[in-house]
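Protein chains: 4
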Amino acid sequence: MQKRTLRAPFFVVNPKAYLYGEKALALAKVADQLAADFDVDILFTVQQVDAARIKNETAHLFITVQHLDGIQIGRGMGYILPEAVAEAGVTATFLNHAEHPMTVSELTTAVQRADELGILTIVCADSLTEAKAVASLNPDVMVCEPTELIGTGQTSDISYMEETNQAIRMINPTIKILQAAGISTVADVEKALLSGADGTGGTSGIVCADDPAAILTDMIHKVAEIKKEA
Amino acid sequence: MQKRTLRAPFFVVNPKAYLYGEKALALAKVADQLAADFDVDILFTVQQVDAARIKNETAHLFITVQHLDGIQIGRGMGYILPEAVAEAGVTATFLNHAEHPMTVSELTTAVQRADELGILTIVCADSLTEAKAVASLNPDVMVCEPTELIGTGQTSDISYMEETNQAIRMINPTIKILQAAGISTVADVEKALLSGADGTGGTSGIVCADDPAAILTDMIHKVAEIKKEA
Amino acid sequence: MQKRTLRAPFFVVNPKAYLYGEKALALAKVADQLAADFDVDILFTVQQVDAARIKNETAHLFITVQHLDGIQIGRGMGYILPEAVAEAGVTATFLNHAEHPMTVSELTTAVQRADELGILTIVCADSLTEAKAVASLNPDVMVCEPTELIGTGQTSDISYMEETNQAIRMINPTIKILQAAGISTVADVEKALLSGADGTGGTSGIVCADDPAAILTDMIHKVAEIKKEA
Amino acid sequence: MQKRTLRAPFFVVNPKAYLYGEKALALAKVADQLAADFDVDILFTVQQVDAARIKNETAHLFITVQHLDGIQIGRGMGYILPEAVAEAGVTATFLNHAEHPMTVSELTTAVQRADELGILTIVCADSLTEAKAVASLNPDVMVCEPTELIGTGQTSDISYMEETNQAIRMINPTIKILQAAGISTVADVEKALLSGADGTGGTSGIVCADDPAAILTDMIHKVAEIKKEA
Numbered sequence: 001m002q003k004r005t006l007r008a009p010f011f012v013v014n015p016k017a018y019l020y021g022e023k024a025l026a027l028a029k030v031a032d033q034l035a036a037d038f039d040v041d042i043l044f045t046v047q048q049v050d051a052a053r054i055k056n057e058t059a060h061l062f063i064t065v066q067h068l069d070g071i072q073i074g075r076g077m078g079y080i081l082p083e084a085v086a087e088a089g090v091t092a093t094f095l096n097h098a099e100h101p102m103t104v105s106e107l108t109t110a111v112q113r114a115d116e117l118g119i120l121t122i123v124c125a126d127s128l129t130e131a132k133a134v135a136s137l138n139p140d141v142m143v144c145e146p147t148e149l150i151g152t153g154q155t156s157d158i159s160y161m162e163e164t165n166q167a168i169r170m171i172n173p174t175i176k177i178l179q180a181a182g183i184s185t186v187a188d189v190e191k192a193l194l195s196g197a198d199g200t201g202g203t204s205g206i207v208c209a210d211d212p213a214a215i216l217t218d219m220i221h222k223v224a225e226i227k228k229e230a
Numbered sequence: 001m002q003k004r005t006l007r008a009p010f011f012v013v014n015p016k017a018y019l020y021g022e023k024a025l026a027l028a029k030v031a032d033q034l035a036a037d038f039d040v041d042i043l044f045t046v047q048q049v050d051a052a053r054i055k056n057e058t059a060h061l062f063i064t065v066q067h068l069d070g071i072q073i074g075r076g077m078g079y080i081l082p083e084a085v086a087e088a089g090v091t092a093t094f095l096n097h098a099e100h101p102m103t104v105s106e107l108t109t110a111v112q113r114a115d116e117l118g119i120l121t122i123v124c125a126d127s128l129t130e131a132k133a134v135a136s137l138n139p140d141v142m143v144c145e146p147t148e149l150i151g152t153g154q155t156s157d158i159s160y161m162e163e164t165n166q167a168i169r170m171i172n173p174t175i176k177i178l179q180a181a182g183i184s185t186v187a188d189v190e191k192a193l194l195s196g197a198d199g200t201g202g203t204s205g206i207v208c209a210d211d212p213a214a215i216l217t218d219m220i221h222k223v224a225e226i227k228k229e230a
Numbered sequence: 001m002q003k004r005t006l007r008a009p010f011f012v013v014n015p016k017a018y019l020y021g022e023k024a025l026a027l028a029k030v031a032d033q034l035a036a037d038f039d040v041d042i043l044f045t046v047q048q049v050d051a052a053r054i055k056n057e058t059a060h061l062f063i064t065v066q067h068l069d070g071i072q073i074g075r076g077m078g079y080i081l082p083e084a085v086a087e088a089g090v091t092a093t094f095l096n097h098a099e100h101p102m103t104v105s106e107l108t109t110a111v112q113r114a115d116e117l118g119i120l121t122i123v124c125a126d127s128l129t130e131a132k133a134v135a136s137l138n139p140d141v142m143v144c145e146p147t148e149l150i151g152t153g154q155t156s157d158i159s160y161m162e163e164t165n166q167a168i169r170m171i172n173p174t175i176k177i178l179q180a181a182g183i184s185t186v187a188d189v190e191k192a193l194l195s196g197a198d199g200t201g202g203t204s205g206i207v208c209a210d211d212p213a214a215i216l217t218d219m220i221h222k223v224a225e226i227k228k229e230a
Numbered sequence: 001m002q003k004r005t006l007r008a009p010f011f012v013v014n015p016k017a018y019l020y021g022e023k024a025l026a027l028a029k030v031a032d033q034l035a036a037d038f039d040v041d042i043l044f045t046v047q048q049v050d051a052a053r054i055k056n057e058t059a060h061l062f063i064t065v066q067h068l069d070g071i072q073i074g075r076g077m078g079y080i081l082p083e084a085v086a087e088a089g090v091t092a093t094f095l096n097h098a099e100h101p102m103t104v105s106e107l108t109t110a111v112q113r114a115d116e117l118g119i120l121t122i123v124c125a126d127s128l129t130e131a132k133a134v135a136s137l138n139p140d141v142m143v144c145e146p147t148e149l150i151g152t153g154q155t156s157d158i159s160y161m162e163e164t165n166q167a168i169r170m171i172n173p174t175i176k177i178l179q180a181a182g183i184s185t186v187a188d189v190e191k192a193l194l195s196g197a198d199g200t201g202g203t204s205g206i207v208c209a210d211d212p213a214a215i216l217t218d219m220i221h222k223v224a225e226i227k228k229e230a
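Protein chains in written order, with the UniProt record's numbering: chain A, 1 to 230; chain B, 1 to 230; chain C, 1 to 230; chain D, 1 to 230.
Check before you lean on any hint, since a few could be wrong.
The following label-pair restraints were derived from C-beta to C-beta distances [claimed, not checked]:
1. C:33 with D:116: 33 to 39 Å
2. B:75 with A:26: 19 to 25 Å
3. A:29 with B:89: 16 to 22 Å
4. D:7 with A:196: 41 to 47 Å
5. B:159 with C:116: 46 to 52 Å
6. C:163 with D:209: 52 to 58 Å
7. D:23 with C:213: 34 to 40 Å
8. B:75 with A:214: 19 to 25 Å
9. C:22 with D:221: 37 to 43 Å
A few chain D residues that don't get close to chain C, going by computed Cβ distances all over 10 Å [what the hints assert, rightly or not]:
10. 22
11. 47
12. 49
13. 59
14. 74
15. 75
16. 88
By construction, these hints were calculated from the structure, which means they are not laboratory data. Virtual Cβ for every residue (Gly too), placed ideally from N, Cα, C.
Please construct the entire structure, taking both the sequences and the accompanying hints into account.
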């Protein structure tokens, strides 16, 4: 199965477990409109149970699950079957997030299964050494967040960003790079993309803002501006 | 939130990761019709991404997830938020299946969160000693399957079933008991319910049968017959 | 195999991974002398590789491992075999510490295997509900530490201690109770034992003190004093 | 700290949890004598509690633990501290065995910590893709066992062995390669080493043999013969 093409610079709205149901759908619709208006690729992560509905009520988003398991059709009580996720319209998956670590074997299998089913893989690493190991699995996107910054509202420093960007590109220059640690302002978005990353995005900086739709709009505006300049 | 009342004898259709999407929906519709025709409570387990759709296209089933996580709204990348599952129309959840073991702490929290949200809990134990520990968490339903029988088409012997039934009822007589190891024939259904269990059900005995709808119909017919006699 | 009798009030020196090798042995010798001088039962936890040596060079301590696995002789690469631990002279084991959570099934099996081999079990729970589930496994000692206090130097409040003491004794009055969250002063030792706990102990309060031997001596002196009054 | 040099062809005696205490020591002494007599490097894996004693009573073996954790001195209740293992005289460690899988992050950290402390790392992968990811962590030795063969007495086929040997050497030609799946005869030892592997070894083929010392002697004799020819 063919994967959907992901164009840089892209943006990830990652509500984790902050939003679900109606509220997640409402923000997804805002993101969907922004994706259309600004011609920017936006990945929107969902609770598993919300995937199909958000897919059905939007047109442009990359519907993204926050995890899936590399199991095969059959047993596997309680695990997320890649085929089920694909049939529900999911386009991408995060894997190995610091909050949801996977064994080497689980991650290897999950990347392979997602590849078979045309699901884009966004794989996380929380150090430069780990990033090199993960890069050799050839994920579509890699995330390099120093674990200690997640949820803090502090971004990685520019030299860390550049160093991880370079290290990953030396292994495989086709892997896209997401720098998204602690992004909470438009300036953070700019800084991440100017580091050379292919994408950026946010969680608490957006969903915990007074007006999530407003901050998201400003951020996508900035992404579109950088896209035009590129 | 109020939990839906579960009436014994009940039946669990548990497709695990054998079915998903269209095929899962098709079997769910058969089960839904049987629940209506025979006035039997049927729990139907789903892949997370299929929950909302199966809920929307059926009327009688207890839509059941195969796992959820005891997390709170907030962080928790890739985990199954109980609130999301509840809003999607899920009525029950399995927890601590032998194929998806949970830590004592995770299980304790997941049962509490499900209780808060009105989600029935079906908790698995794979030995009598473990069953006693789990019973003290006061789940709504307990499953006592000797791990080594899962997926074999062999049922627990009647003395094991009676012994676990008794042990659990001594701790808490209000917990309902599911005996569902290796159920693949109508005779197995009868044997499980006559052991004194409140419910039974199946996976491969149904989904891997030549005609899943036919075997399921026969099984529910037997459950209804036993219900009438009770 | 017969378990060694543990007499209340007892004390646990738990260096976790702060001490090892020579330094662990040095503190163990201090504890051993105190156990003899004050006739107080002292459990001393060790890194696995240090167990045999500390056993051989002391006479009175309950040599305690910080974890073991409920495996059988055979495969199980990298796991801690209960028989190996027992033959090395280990008398007790912690299980299910908040820093090393176990699945319900792993914990159940580990307690059973330790029982078979005469190893005292000290099982942790991090909430009252979890404590009830764990108590039904009939460990020799239970630890009830609200997870959020570990390593903070803050003790549980007296009402939490009394509540957990009571809840556990209602299930099984023969289980001994260890209250050891955040113990760092002699006053903390006194407070924990006066709550009705059978034992107390410490980690960072001792090993990170300027003079670990001195603070340990003062604490054991207090335990002995309370023992005499009892 | 300097790692001990490991010379090919080497041999690994891996009793897993089959042997411990006196019996493990007895086989270790046989292996130690063979290492001396045939000038072959032999790694002998131990239960953690047996490490120090077997180190003290042998002279030539690479004392090898079956796992360690990449933790730092401090908290980490129940985990295996690399410093403790090093001080006890351990020279090498297995990591990420199929029976003891590690997360990407845990494995990365454990390799780094072992490197800091001069402990040789023997890292397992159970597929070719996983092997490539693991190779980028630069372990000293890699093991490539198709998981399904472990403990079966069946060896990997020669083409699988040659393929993994090649793939690993393309990434990093300095990594030594252990081919040890299902080795139970002298012919298996020969086949593995002639595949181009740097080392081989066994578990059940040795410890479950009628006369473990005899079969081990024959195997080491073969290794020595191949070494001379090289």
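Tested hints:
no. : hint                         : in the structure
1   : C:33 with D:116: 33 to 39 Å  : holds (35 Å)
2   : B:75 with A:26: 19 to 25 Å   : holds (21 Å)
3   : A:29 with B:89: 16 to 22 Å   : holds (21 Å)
4   : D:7 with A:196: 41 to 47 Å   : holds (44 Å)
5   : B:159 with C:116: 46 to 52 Å : violated (24 Å)
6   : C:163 with D:209: 52 to 58 Å : holds (57 Å)
7   : D:23 with C:213: 34 to 40 Å  : holds (38 Å)
8   : B:75 with A:214: 19 to 25 Å  : holds (23 Å)
9   : C:22 with D:221: 37 to 43 Å  : holds (40 Å)
10  : 22                           : violated (7 Å)
11  : 47                           : violated (4 Å)
12  : 49                           : violated (4 Å)
13  : 59                           : holds (19 Å)
14  : 74                           : violated (6 Å)
15  : 75                           : violated (6 Å)
16  : 88                           : violated (4 Å)
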